[in-house]
Structures are given as C-alpha cells and as structure tokens.
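> Below are the chains, spelled out letter by letter.
There are 4 protein chains.
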Amino acid sequence: MLRPLRLLAFAASLRRDSWNKKLLACAANAARADGADIDHAEFAEFDTPLYNADLQESGGFPPGAQEFARRVVAADGFLLASPEYNFSLPGTLKNLLDWASRMRPMPLRGKHGMLLAASTSLVGGIRGLWQLRIPLEGLGVTLYPDMFALAQAHQAFEPDGRLRGREVEERLRKQLHGYLEMGRRLSS
Amino acid sequence: MLRPLRLLAFAASLRRDSWNKKLLACAANAARADGADIDHAEFAEFDTPLYNADLQESGGFPPGAQEFARRVVAADGFLLASPEYNFSLPGTLKNLLDWASRMRPMPLRGKHGMLLAASTSLVGGIRGLWQLRIPLEGLGVTLYPDMFALAQAHQAFEPDGRLRGREVEERLRKQLHGYLEMGRRLSS
Amino acid sequence: MLRPLRLLAFAASLRRDSWNKKLLACAANAARADGADIDHAEFAEFDTPLYNADLQESGGFPPGAQEFARRVVAADGFLLASPEYNFSLPGTLKNLLDWASRMRPMPLRGKHGMLLAASTSLVGGIRGLWQLRIPLEGLGVTLYPDMFALAQAHQAFEPDGRLRGREVEERLRKQLHGYLEMGRRLSS
Amino acid sequence: MLRPLRLLAFAASLRRDSWNKKLLACAANAARADGADIDHAEFAEFDTPLYNADLQESGGFPPGAQEFARRVVAADGFLLASPEYNFSLPGTLKNLLDWASRMRPMPLRGKHGMLLAASTSLVGGIRGLWQLRIPLEGLGVTLYPDMFALAQAHQAFEPDGRLRGREVEERLRKQLHGYLEMGRRLSS
Numbered sequence: 021m022l023r024p025l026r027l028l029a030f031a032a033s034l035r036r037d038s039w040n041k042k043l044l045a046c047a048a049n050a051a052r053a054d055g056a057d058i059d060h061a062e063f064a065e066f067d068t069p070l071y072n073a074d075l076q077e078s079g080g081f082p083p084g085a086q087e088f089a090r091r092v093v094a095a096d097g098f099l100l101a102s103p104e105y106n107f108s109l110p111g112t113l114k115n116l117l118d119w120a121s122r123m124r125p126m127p128l129r130g131k132h133g134m135l136l137a138a139s140t141s142l143v144g145g146i147r148g149l150w151q152l153r154i155p156l157e158g159l160g161v162t163l164y165p166d167m168f169a170l171a172q173a174h175q176a177f178e179p180d181g182r183l184r185g186r187e188v189e190e191r192l193r194k195q196l197h198g199y200l201e202m203g204r205r206l207s208s
Numbered sequence: 021m022l023r024p025l026r027l028l029a030f031a032a033s034l035r036r037d038s039w040n041k042k043l044l045a046c047a048a049n050a051a052r053a054d055g056a057d058i059d060h061a062e063f064a065e066f067d068t069p070l071y072n073a074d075l076q077e078s079g080g081f082p083p084g085a086q087e088f089a090r091r092v093v094a095a096d097g098f099l100l101a102s103p104e105y106n107f108s109l110p111g112t113l114k115n116l117l118d119w120a121s122r123m124r125p126m127p128l129r130g131k132h133g134m135l136l137a138a139s140t141s142l143v144g145g146i147r148g149l150w151q152l153r154i155p156l157e158g159l160g161v162t163l164y165p166d167m168f169a170l171a172q173a174h175q176a177f178e179p180d181g182r183l184r185g186r187e188v189e190e191r192l193r194k195q196l197h198g199y200l201e202m203g204r205r206l207s208s
Numbered sequence: 021m022l023r024p025l026r027l028l029a030f031a032a033s034l035r036r037d038s039w040n041k042k043l044l045a046c047a048a049n050a051a052r053a054d055g056a057d058i059d060h061a062e063f064a065e066f067d068t069p070l071y072n073a074d075l076q077e078s079g080g081f082p083p084g085a086q087e088f089a090r091r092v093v094a095a096d097g098f099l100l101a102s103p104e105y106n107f108s109l110p111g112t113l114k115n116l117l118d119w120a121s122r123m124r125p126m127p128l129r130g131k132h133g134m135l136l137a138a139s140t141s142l143v144g145g146i147r148g149l150w151q152l153r154i155p156l157e158g159l160g161v162t163l164y165p166d167m168f169a170l171a172q173a174h175q176a177f178e179p180d181g182r183l184r185g186r187e188v189e190e191r192l193r194k195q196l197h198g199y200l201e202m203g204r205r206l207s208s
Numbered sequence: 021m022l023r024p025l026r027l028l029a030f031a032a033s034l035r036r037d038s039w040n041k042k043l044l045a046c047a048a049n050a051a052r053a054d055g056a057d058i059d060h061a062e063f064a065e066f067d068t069p070l071y072n073a074d075l076q077e078s079g080g081f082p083p084g085a086q087e088f089a090r091r092v093v094a095a096d097g098f099l100l101a102s103p104e105y106n107f108s109l110p111g112t113l114k115n116l117l118d119w120a121s122r123m124r125p126m127p128l129r130g131k132h133g134m135l136l137a138a139s140t141s142l143v144g145g146i147r148g149l150w151q152l153r154i155p156l157e158g159l160g161v162t163l164y165p166d167m168f169a170l171a172q173a174h175q176a177f178e179p180d181g182r183l184r185g186r187e188v189e190e191r192l193r194k195q196l197h198g199y200l201e202m203g204r205r206l207s208s
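Protein chains in written order, with our numbering: chain Z, 21 to 208; chain D, 21 to 208; chain F, 21 to 208; chain V, 21 to 208.
What the hints contain is simulated information worked out from the structure, not anything from laboratory work. Only a predicted model underlies this, so the values are computations on that prediction, with no experimental measurement involved. Built from N, CA and C at the ideal position, the CB exists for glycine as well. All the given hints hold, so there is nothing to weed out.
Derived lysine to aspartate or glutamate pairs resembling EDC-like cross-links, with alpha carbons at most 20 Å apart:
id, chain 1, residue 1, chain 2, residue 2
1, Z, K194, Z, D166
2, Z, K42, D, D74
3, F, K42, V, D74
Partial pick of chain F residues on the chain Z-facing surface, computed with a CB cut under 10 Å:
id, residue
4, F107
5, L142
6, V143
7, G144
8, I146
9, R147
10, W150
11, A171
Extracted from the complex, chain Z is given alone in its bound form (with noise of 0.2 Å):
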C-alpha cells in the first residue's frame, strides 16, 4: 500500500469528559505514529433525531447521518471507542448506525474498523462492545477480532491524557498495530 491507511476516529460519547474520548485520543495517537492518517471525529457532528421511517421518506437523511456517510466513506476503517451502556451498545450510537444503514450504498458495507472501551468498572466495558459487533458486522464490517477495554479509566490516565503505566501503553500499541497490518492488507 503506497498511501497511508485512513481510519475515521471517534468515541461514541456525547459527553464532555468522557473516558472514551481519553482513549480513542490516544489510540489515535498511537496509530498516527505507526503510519495512519486519522480524521479524528466528535460524536457530536453525527448528532441525528430518534430514527423514524416516516422522517426518512418525507425529509430525508439527517445532517448528521449524511456527515457519518461522508467521512465513513472517505475512510478505509475506523477506529471506535464505545462506552458500555446497561450491557450492550450505546442507544445513541445503535439510532446513528440504523440512519445509516437505510442509505444506499450502504456506507459501512467493506469497511474496516477495531472497537474499544472505557470504563470505570474492573470489567471494562467489553460486554457492551460484544453486542455493537452484531450490527456492524451485520452491516458487512470486517471487525479486528481483538477489543481493547480498558478498565478503571479513572485512575488509568496521566494529567497530560495519556496512559498511565507501559504495560497497558504496549498492549494498545501492539493491538492497534495487529489491527493497521490486517488494515493495509484489506485496503491495497
């Protein structure tokens, strides 16, 4: 692959201080550094009203879903940072992806993309991010099977934003790096 790979990042957090947002910055960081070319995103320019069929045929798709289409499809695959809510995916980003998935074509469909998660919790947030699989993969995602959760996010940050500690600093790089490899291959 001559050009760099170009990964859409974003968290799937709308609020201010979010862990997501503190991990995706530096995964995106780390993949920068290994070569990629990041559209570092905010959830909030994806903002979209309750998904409503009868929306859709009168008005069209929203700025936001149009703005995720966009830059899904100017990316080869995505970098996703999803908080874990109530055992499952977000509802905010579950109504995102089902705009998404009635426009055609379809933009997801053999795109690319590694999940992770944040969360104060010791369990990490990857039984939400086992149930966002289902629709991305659904929708023709190829999902590096390795996730990256990353648990007790409150106390895992140095002040400047990066990871406290080399081992779980190594373990992000090594993983994203698995991910860039399988990545490049996919998008020559």
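Assemble chains D, F and V onto chain Z, guided by the hints.
For chains D, F and V alone, kept in the frame of chain Z given last:
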C-alpha cells in the same frame, strides 16, 4: 390476585403505519380479553433527546423519560413489541432504556414483561428481541421466556387489524396466557 | 407454598478442584438456610457422549441425559454455576442441553433457575452466563434476571469453603433470596 | 499471492445425512472452482471427550483435538458449516473449541474463516452462527462479516447434491468469492 394485572403496552416504533403497532394492538386486545388491565402507550409519548450525561447533570431527566418511568412504575409488567434494526434492538428504544436506567429508584427493576416482534421478513424479528433481552434483564426485569415473532407481517393482518388465520391468533392467545399467568404469580 | 421449594443444584465443571463447585456449594448452603430443599448433583452424573442425531435414533438417550432429565423434572427449578470458556458457555454443558432438548416432554420447559459463575479473572465469568441464558430461555426456562459472578475466585474462599468477606456472602444471600421468592411464587 | 489459498472445510455435525454436510460440500466445490485448495474434513475426525481440565493435565490433549489443531495450522483459514442447536452453537463444536483454546500456541489465532448454516426451518440457522462468532473471534479469528444461511434445507438440494436454483447457487458463489478475496489479502 384480586385486582387485574396492570400492563403497560407499547410498540417501539415512531412510524405511523408500523407492523409492530398493529401486532401490539392485537396483543393488547387479547390480554384485555384474558382479564388484564392495559395502559396502551404510544412510543412518541416517551420521546427523549440522545442520551448525554452532561445533559442529565445539568437539566435532569427529559419529560419523555419521566413519562416512561411513571407509566412503568404504575404497571406490574409490560408488553413490548419491537422491530429489529440491523440484527439488534432499535437505537431509539435503547436510548430510552439508557435514560431510564439512570433514574433512582430505577423504574424497571422488579417488573416483568413479554416481548413481541413483527417483521416483513421470514425471520420475524426474533434476533432483535434476543439483543433486547440483555439490557432489560440486566436492569432486573423478569422476562417471559417465550417471545412472539410475526414473520411476513405485510400479509398477516385482516383489514380490520385482526391477525389473519386462526392458528396464529391462537398461538398469540396461548403465549400471552402463559405470560399473564406468570405475571399474576409474580405480582400477587 | 406449603412444601419447600425443590432445587437441583450443580456446577457445570468436571474438574475436581473447580471454583464453580465451591461457589455452588456456598449457594446450596445459603438456599437451604433459606428453606429450600436442595438436590446437589455432580456434573459427572450427567455425563453424555457428544450429541449425534443418528446415535439418538438408534440408541435413544444416554443414561447421563436421562438422569439429568429425571432430576430436573423432580425439581421446581435449579441453581447452576458455570465456568466461562472462550467468552461463552462450556461445550460440555451445551452438549447436555442439546441432548435434553430432544426429549419429549422437554424436561426444562416451565422450570425456573438462577445462574452463577466463578472465575479467577476480574470479570468473573459473567459473559459466559449471558450466552448460557440463550439456550435456557429458548427452551422455556424463566431465569432470575440477576446473576451472581464471583471474580478472583482463587482469593475468594476460606479454607473451610465459605466465602471470604461478609459483603460478598451477604450479596449472595440476598440475590438467592430474591430468586427463591420468585421461585416460590412461580411454583405455588 | 502466488500459491492457492488453503482452507480447512468441515461441517460441525456427526450425523450421516446432515444438511450442513451437504451445504459444506457445495461450498467446498465452489471454493475449489474459485482457485482455493480445500482440505475437506469430517467432524468425526475431531472427536474429543468432554472437556475436563484434570484430564488435560494428566493425559494431555486428545487425538481428535490434536488432529484439529494440525489441520487448522496447516490452513490459512476455514469454511465451517454449523447447525443451530437451541438458538446457539452445538455443544459438540464448542467442546472442540474449548479443547483447542488450551493449546499453546493456540492454533486458531491469526486464521480467518467464513461461517455457513443449513436448517430445515425458515430462519436457516443464522442465530446459531451469531453465537458461534463469539468464541471464534474471542480466540483471534478474523471472520468474514457475511454468513451464508440456507433455510428449508430439505427442499434445497438436487439429487446429485448441488443446490437447487440458480439464484441460491449464485448467492453462495458470490459470498464465497468475497471471503476468498479477503482471505487472499490477509494471507499474502
């Protein structure tokens, strides 16, 4: 149980001509005929903005989530008909559950429910219901094990809204009866 | 309910020193102290060959599956402690359920149960239990919504087998009591 | 990629007249016609006792698990047709994966695969495949997002074993081609 079982009944669809609304209406009628007291709600009454923890902290719970909580708390259990979007539950419904899950006391805990789905496909929406069970059970709802999936919904209704065919009507009646029996025991 | 609730209790592990066996023993004791009548079984009593429909047709059901069915039928419900293998339920347990599901009448239908898991990890085996709910509920079992996951099981027991720490013991006792209350209502 | 892609192909069924074996044979033929090198295995070659950690410690890995590992390691990826048992994957297949997951190096890590299912029902076994993805992806397998579900399998084959109907044959051929293209990129 001396008083009738009180059930909140709603379909998780905002569109006007929703197959799930039609199926829910049939289920509500059958439950009434079996002695239940039905509070038939429109999903639009539970309209909420996309979940945002900052919004919750600054502005509290939106009126739609509060209305949902009030109706859930007033009921013993619920009948919930939900479409399947992308092999999972609708983001709209998950977003409502995400709001409700933050309330204290949490309105769904200790309630029971039965899930239904209508779909124009041959599969009938059952995969979405399996994903819907996860947040509901995680929130402490006792779900009736059997679920009612109506396949090929576009051919399943009479012009007056009743289910076409004695067999499918009987299947719904029996399954509802099983749930009502469970509900009466749990709420006595 | 005039008679005590009868529960089959077993841990889905064949190894001798199984954390799930230890946890199951604690749960069985706590359920007895709460008035339940416990049939404590060893998983090895339910030993079956790998499921093969030809084998079933030629030779009928293996003794281990028949024993499982007999014990399930004699009980109102069950306590089941299961390890997590590879983010899902053990193949051994699923194989037993696959045999049992072919019997007519199907022994699990109409029963209720509560799931537990012990694991030496920080996550506690809860992901495996979520996958275990699917075949059990699909087979008509009413599962208590809350599940008991014991993390870091290698540090969780006293030498005499009791759970270490008042807090975790109390959490188990309370959760069991909630299940027993549900079970008594459903089986009355 | 100068050499052909090497795929292990097997159906997770022990019965002689298995719809999944028939479907697997069609898929193996189509993959060969598309240039792949197929190692067609019988599930019975991977026969294992029920997983027991004590057994592993005392006796090592059973011959069936070792044979499975050897064949997986020799391949770039796999075609796996699996029946759905009780809304989930077969216990027999999970038991094999549970054995294989204990081996070091773990034979499945880094492999890729595509899943298929045949069923006599209208649903086609797709729910079982969704549960099968979890342990496979958890073990590091890159799964092709699309899965091939053959509904009403008892009416789906010609007497000579080929799929009945140009449309379904074409659907299988196209989906396989998509997987082979992914596999060639990942294994180059």
